[in-house]
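All chains should be modelled from the sequences, with the hints used to inform the complete structure.
Those sequence lines, one after another, are chains A and B.
Residue 0 is where the first sequence starts when you use numbering that gives the first Met the number 0, and the numbers rise one by one after that.
Residue 0 is where the second sequence starts when you use numbering that gives the first Met the number 0, and the numbers rise one by one after that.
Don't take each hint at face value.
Calculated pairs, BS3-like style, for lysine-lysine (alpha carbon to alpha carbon, straight line, at most 30 Å) [stated by the list, open to error]:
1) K109/B x K63/A
2) K109/B x K115/A
3) K63/A x K115/A
No lab work stands behind these hints, which were simulated from the structure alone.
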Amino acid sequence: MSARLPTGRLAGTVRWAIAPFAPAPPFRIYAAGREPYELNDAEQLLNASRGGGDAEFTYLISAKARPVLILTEPERSEWDEVLAVRLRRLSAITDLQQQERIRQHEEPLFFHLDPKRFRLPEESAVLIPALVPIGIGAIGTAGPLGELNENEMRLVGERLIRHFDFDIRSLLERRIRELSRRRQR
Amino acid sequence: MTAFLPLESAGSARPCRTSWLGVVRQSCYRVGMAFRVRTKQSSKDRVPVVEPGEAIIYERYGEEKTVAVNPNDFHRLAQLEVELDEISASDHISLDDLALEGLLDEARPKQPIEDAAQIEAILGL
Numbered sequence: 000m001s002a003r004l005p006t007g008r009l010a011g012t013v014r015w016a017i018a019p020f021a022p023a024p025p026f027r028i029y030a031a032g033r034e035p036y037e038l039n040d041a042e043q044l045l046n047a048s049r050g051g052g053d054a055e056f057t058y059l060i061s062a063k064a065r066p067v068l069i070l071t072e073p074e075r076s077e078w079d080e081v082l083a084v085r086l087r088r089l090s091a092i093t094d095l096q097q098q099e100r101i102r103q104h105e106e107p108l109f110f111h112l113d114p115k116r117f118r119l120p121e122e123s124a125v126l127i128p129a130l131v132p133i134g135i136g137a138i139g140t141a142g143p144l145g146e147l148n149e150n151e152m153r154l155v156g157e158r159l160i161r162h163f164d165f166d167i168r169s170l171l172e173r174r175i176r177e178l179s180r181r182r183q184r
Numbered sequence: 000m001t002a003f004l005p006l007e008s009a010g011s012a013r014p015c016r017t018s019w020l021g022v023v024r025q026s027c028y029r030v031g032m033a034f035r036v037r038t039k040q041s042s043k044d045r046v047p048v049v050e051p052g053e054a055i056i057y058e059r060y061g062e063e064k065t066v067a068v069n070p071n072d073f074h075r076l077a078q079l080e081v082e083l084d085e086i087s088a089s090d091h092i093s094l095d096d097l098a099l100e101g102l103l104d105e106a107r108p109k110q111p112i113e114d115a116a117q118i119e120a121i122l123g124l
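Structure below.
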C-alpha cells in the first residue's frame, strides 16, 4: 500500500513530520538476525568505501515526530524530498527575558510563531540553524498547523543565508549590474 | 513630530516604533511591496506641505497612523520598491533531468548490506 501524501502547498507551512537526526557516533549498523553492530569511529566505515567498494549499510538513526517549518516545494514528482527547519518550544527556554526577546523578534536565530496563527501544542519559534531534509511521505496529511506569509518567509530566508554564511557576493554583483544596465536604458 | 526616516523602516507586520531621527526596528519586518496609490484632491483634506527629505508622522495613542512625505521622495521610494522587486526576483535553478538522475542515484538507498557475515568482512570486524 502506498503512503498517503500531504496535499496543497508545502513551502511556508508548519506541519507535523518525522524529522531524522543526523548520524553521529556511535554508528549502529543493522544486521539481520543479530544485535546491531556499534562503531564509534567514522573512519572504520569510511575506509570501507575509500577502498573502492560501494558498500551501503542500514544505519539505525533516531527520528522524532514533530512540527517543522517546510522551506521548499517538491519540484519534480520523482524527487519527493523537501528542506525543513525544526521548531523550538519556548517553554524549553528557561530565561523568560530570552523568551520575550524571541517573541519580539530580537533573536535572529529564532523566528517566533504567533500562537494565534499556529495551532501548535505549545508556543514555538522556528530554530533557524536546525535544517533537516524530510521525505514527503514523512509529512502528516492532516494539513498545515499554520502558514508564514511571503514577507515572513523572506525574513526566514535572509536569516538562513546570514547564519549559514552563504556567500552570495557574485549573485548580488550580477543583480546590481543588471539593475545598473536597466537604469542606463 | 517630524522625523527623517531611513528607507528600511518601510512596512511592518507589527507596528514600528519611531523615535526622533530614527526608527526602532526590532519588532518590525521589512516588507517589500509596491504602493497602491489613491489620488485625492488636496482641497478635500487639510494637507501639510512637506519639504524634500522630510517626513511627518501622525500618531494616535502612541501608534503611527499616517506619514506625509514630499511627492518627489514618495516617487523615489516607489521606484526603489519596483527596482528592489526586479533585482530580488526569483533566479531559481530548476531541477533538470541530469540533476534528478544524480539525486535518484546518489541520495536514495539502493541495496544496503544487511548480512552479518558480509558486514564483518567489509568492516573488518
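Okay, the hints, checked on the actual structure:
no., hint, verdict
1, K109/B x K63/A, "holds, 24 Å"
2, K109/B x K115/A, "violated, 44 Å"
3, K63/A x K115/A, "holds, 25 Å"
In the structure shown, a violation is registered for the earlier hint numbered 2 alone.
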